[in-house]
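Protein chains in written order, with numbering that gives the first Met the number 0: chain U, 0 to 651; chain D, 0 to 232.
Please keep in mind that the hints were generated in silico from the structure rather than gathered at the bench.
Wrong hints could be hidden among the right ones.
The list that follows gives simulated cross-link-like pairs (lysine to any residue, SDA-like), each with its CA atoms no further than 20 Å apart [claimed, not checked]:
1) D:23 / U:458
2) U:456 / D:27
3) D:23 / U:454
4) U:553 / D:10
5) U:465 / D:10
6) D:173 / D:227
7) U:465 / D:24
8) U:310 / U:399
9) D:4 / D:71
10) U:588 / U:640
11) U:538 / U:509
12) U:553 / D:33
13) U:310 / U:343
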Amino acid sequence: MNEMRKDEKNSAKNTVVLLCLSSSPSSRRVIQAAAEFLRIEGSEGIAIYVAPNDALNDDNPRLEENIALARESGFEFHSLQSDDILVSITEYAKRISASHLFLGYTAPPILLQTRRTVSEQLTQALPNVIIHVIPDPLSSPVPLMQKKSGRSPWNIHDFVLVLAIMAAATFMCFWVDQSRYSNANIITIYILAVLIASLWTSHQIYGIMASILYILLFNFLFIEPRFTLLVYDPEYLMTYFVTMAAALITGSLAVRVKNIARRSAENAYQAKILLDTSNQLEQAQSADEIISISCRQLATLLSRTVLFYGKDEINADPQIYPISAKAISLGELQKDHETVTWVKEHRHYAGAYTSRWPDCQRQYLSIHTDDYGYGIIGIDMSGGPFSEFENMILHSILNEFAMALENERIEQERQRAEIKAENERMRASFLRSISHDLRTPLTSIYGNATNLSANEKYMSEEDRRKVYTDIRDDAVWLVDEMENILSVTRLESDPKINLSAENVEDVIEESLRRIGSHSGHQIIVRLPDYPLFALMDAKLISQVLVNLLSNAVKYTPENTEIIIAAEKKDDIVEISVSDQGEGIADEEKEQIFELFHTGKSAHADSSRSMGVGLNVCRMIMQAHGSTISVHDNVPRGSVFVFTLKAEDIDYE
Amino acid sequence: MNDMKILVVEDDRPVMNLITTTLKIHEYEYSQAANGVQAISLCSSLNPDLILLDLGLPDIDGIEVIRNVRSWSSAVIIIISARDEDSDKIEALDAGADDYLTKPFSVDEMMARIRAAGRRMQYLNTKSDESAVFVNGPLSIDFASNLVMVSGNEIHLTSNEYKLLCLLARNAGKVLTHTWIIDRIWGRGVSTDIVSLRVYMTSLRKKLKAYTGTDLIRTHIGIGYQMVRAENL
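Chain U on its own, in the form it takes in the complex (with noise of 0.2 Å):
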C-alpha cells in the first residue's frame, strides 16, 4: 500500500509517456493524442516500436512516417524486438518508470474475443501506469498483433515424414482391419499418427496436413464404399469431424508442447551464455579486453565475423574478429562508413536486414547505455538474418557489453578522481610542511631581533655577535628555502628547462659565491686541467650545488673538509660534493631525496627538517634527464653525485 503510494508521488513528480507505435493508419491519431498529452502534462516522452524478432525488412513507409511524426512531436524513438508484444511494453514501461501509455486498439476479429483484451491485460500487468486506449475505426491489420511474415513452412523433410507417418499408420490399420478388431482401433491409431506427425514436424501446418490425410485415408480404404470417397452412413460425417477436431487438437497442444521445450532449452542455453559472457566480462581488466571478449564470443556464437568501431574511430580501421579465413577488405568497410556515422549519431541500428541501408554486407549496432555512447559494432550478415534466438543473443550480449564498458568507464573516472585528490593532499601536504619548515628560522630570526632592539645594552659583546650570526643564517636558510620552493613551483608547472653549454668551473664559483664564506670548514674544489663544459640550466645545476654544499655545512662537523669534484667520463661530465660527516645510513640513502624526509627523527615536528632541498636537486636532475645518488665516502661522510651531459667545444 505505502509502495504504491510512493510510486504514485514519483510518477506525479515526473510523468513519462510512453507512446506504443505501429505501421497502422490509426497510429497517427495515437501520436497525435499522446503528443497533444505531451504538450500539456509531460516532461518526457518515449515512443517505441515493437518488431516480431524474425521480421525481414521494416522499412515499410508508414512505420517510417509515424516515427518521424512521434519524433517531431517531441518524443525519443526506441526500436524494440520481440514477438512477445505485450511483454515487451510492460518490461519496458517498468523499466522507464512510464506514468501514461498510449496505444492504438484494433477490436479483434469476434473468435478472438473470449481472450482477455490487450489493454486488460497491461492494466493488469502495469497496475500503476494510466493506460490511454484510442480506438481504430479502421480494419487495418492489429497494430500490436501483427502476422509473423515468416519463412515458409515447407520443407521437403517434414513433408515426406508426414507421408512416412500416415503410410505407416495405413498399414497397420490394415492389420487391424484384417484382424477383426473394431474400426475405433483404426480411428486411435490414425489420431496417434497424426499426434506423432504433429510432434516430429517443425511446423502445425503439417499437423493439418496429416489430419486431412488421416480422413481422406480412412474414409477412402476402410469405410464402405471402400475405395471411394463417398459415405453412405451420415454418421460418419459426425465421426469425421469430431474425430478431425481432435487430431487437430491434439496436434496444437503437441506442438506447444514442442516449443515450450525448444524455449526451455533455448532460454538455458541463452542464460549459459550469457552467464559465460558475463563471467569472462567480470575478469576483463580493461576496456580494450572487455571489448575483445565481447566481440569474440559474439563472433563465436553468431557465426559471424564480428568489426568494432571505438567511439572516436569511426574514421579509422576497426578492429576485425573474423570468424572464418574469408578476409574483408578494408576498402569494401569503407563504404559502411555512412551507415557507421549514422549509427553513431543515433545510437541505434542500420544496415543490413534493416531499414537503414538494407544493401549494406553488415549490420552495424550502437553499443550505448542511457548517457555514453561507447563504441559501434558491425556484424557481417552474408549468412542470411538474424534467427529469433540469435537476436536475443545478440542483444542480450550487447546489453552486457555496453553495462562492462560502463563500468569500466565508471571505474577510469573514479581513479582519476582518487589521483587527483592524491595529488591535492601532496600539494597540501607541501604547503604545511613548507610553514613547518619556516616556523623555526623565523622564531630564531624574530626572537634575537626583540631582543636586540629592547635588551642591546644588557647583552656582551659576544653574545651580540653571536646573535648577529644568527639572524644572518636564519635568514640565509628562508633565502635557500624560498629558492627550493620557486624552483619545485616552476619545475611542477613547466619541466621544460633551458639547456645550453656551460663551463663546469663558472657554475661551481656562483655557487660557492652564493653560499658565502664558512670559516668552520674548508672547502676544496677538485677539476681537471682543461675546460669542462656540460649541457645544463646553469641556474638550476648551481642551485643543485648550493644545497649540497649547504648541507655538508650544516650536517658536518666544523674544521672537516667538503671536496668538490668534476671530471670526464667518456660523453658525461660526473659532478661530486663529498664531506667527512657521519655518513648516511644505507636505509636512508634513498629516502633522503623524499619530499620532507628529516632524517633520523621519527617524529615529523624536528625542530628543522632538511627541507625539500634534496628533494628539489632530484627534481632537477630529472628534469635534465639524469639523477643523482648518495654513496659512503672513504673513510668517513657521504658522497652526492650527480652527472651531465658533456659539450664538447672547439677551442681555435
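Chain U is already provided as a structure; the job is to place chain D on it using the hints.
Below, chain D without anything else, positioned relative to chain U:
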C-alpha cells in the same frame, strides 16, 4: 635575580641561542640539553623548577620526555611546538605539560609564561593544594562552604558550574584540555561532548564577569581552558 632553575631542551642551535640569550638578559639560571636522553638525565640531577621543552627532538619524542619527567617531578613544563597541529599540543598537555608555545613565538610571550609559572610555583609553595579558600584577584572560593564570591558579591552556580570552577582554580595557570576536564567533571567513559562543556563554560564565565568585568578564564581554541592568575592578566 630570579631563583628559578630552568632547563632548556632544544636541538636547534639558533633557537637554543635565542632562548638562553633571553634568559641571560632576564637573569635566570638555566641549563641546556640538546636531546631527550640528556634532558631526562639533567632533570633528575638538577631537579629544575621549569622545563622549556621542544617537542621535536632528534632522539626520542618530546611526549616521552614529558611522561618520564612527570612521573616523578612536579616541575612546570612548557612545550615548544613547531607544528600548528592541535593534536600534538593536546597530547603533550594530557601527558602532563602545563602550557605551550607555538613557533614562531615572541620572546616577550615566552618570558610572560615563565613569570606566570614562577608565581604559580610560589603560590603552591606557600599554600597547600588542600587550602580551604582560593583567592585569585576578585575571585574567592571557600571550598568548605561551597561559597563563590566575586568582588565581595556572592554568586550562585549550578553544581556542574561549581565543579568546573573548582577544577580550573585548583589548576590555575595550567592549560586544561577538553577531554581532561570532561573526564574529571562527568567521569571517564561518559559521552559528554565538548559542546555541552562549552555551554557550561559560557554560563560560568558570564556569571563571573558580571562583577569583575575581567575574564579570568582563557580559551585555547581547539585545545581547552586555562584559569589565569589575576596578576598575570
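Against the structure, the hints:
1. A C-alpha spacing of about 8 Å is found between residue 23 of chain D and residue 458 of chain U, which places the hinted pair at or below 20 Å, so the restraint holds.
2. Of the supplied pair hints, the one linking residue 456 of chain U and residue 27 of chain D holds, its CA atoms being roughly 17 Å apart against a limit of 20 Å.
3. Between residue 23 of chain D and residue 454 of chain U, the direct Cα distance comes to roughly 11 Å. Compliance with the 20 Å bound is thereby established for this hinted pair.
4. With a C-alpha separation of about 13 Å, the suggested pairing of residue 553 of chain U with residue 10 of chain D holds against the 20 Å cut-off.
5. Taking the CA atoms of residue 465 of chain U and residue 10 of chain D, the gap is near 17 Å; set against the 20 Å cutoff, the hint holds.
6. Between residue 173 of chain D and residue 227 of chain D the CA atoms are separated by roughly 8 Å; this keeps the pair inside 20 Å, and the hint holds.
7. A distance of roughly 14 Å separates the Cα atoms of residue 465 of chain U and residue 24 of chain D; the hinted pair therefore holds under the 20 Å criterion.
8. Between residue 310 of chain U and residue 399 of chain U, the direct Cα distance comes to roughly 17 Å. Compliance with the 20 Å bound is thereby established for this hinted pair.
9. Note on residue 4 of chain D and residue 71 of chain D: the hinted pairing holds, with a Cα-Cα distance of about 17 Å set against a maximum of 20 Å.
10. At roughly 12 Å between alpha-carbon atoms, residue 588 of chain U and residue 640 of chain U fall within 20 Å of each other, so this suggested pair holds.
11. A distance of roughly 9 Å separates the Cα atoms of residue 538 of chain U and residue 509 of chain U; the hinted pair therefore holds under the 20 Å criterion.
12. With a C-alpha separation of about 16 Å, the suggested pairing of residue 553 of chain U with residue 33 of chain D holds against the 20 Å cut-off.
13. Between residue 310 of chain U and residue 343 of chain U, the direct Cα distance comes to roughly 8 Å. Compliance with the 20 Å bound is thereby established for this hinted pair.
Violated hints: none; the structure is consistent with every hint.
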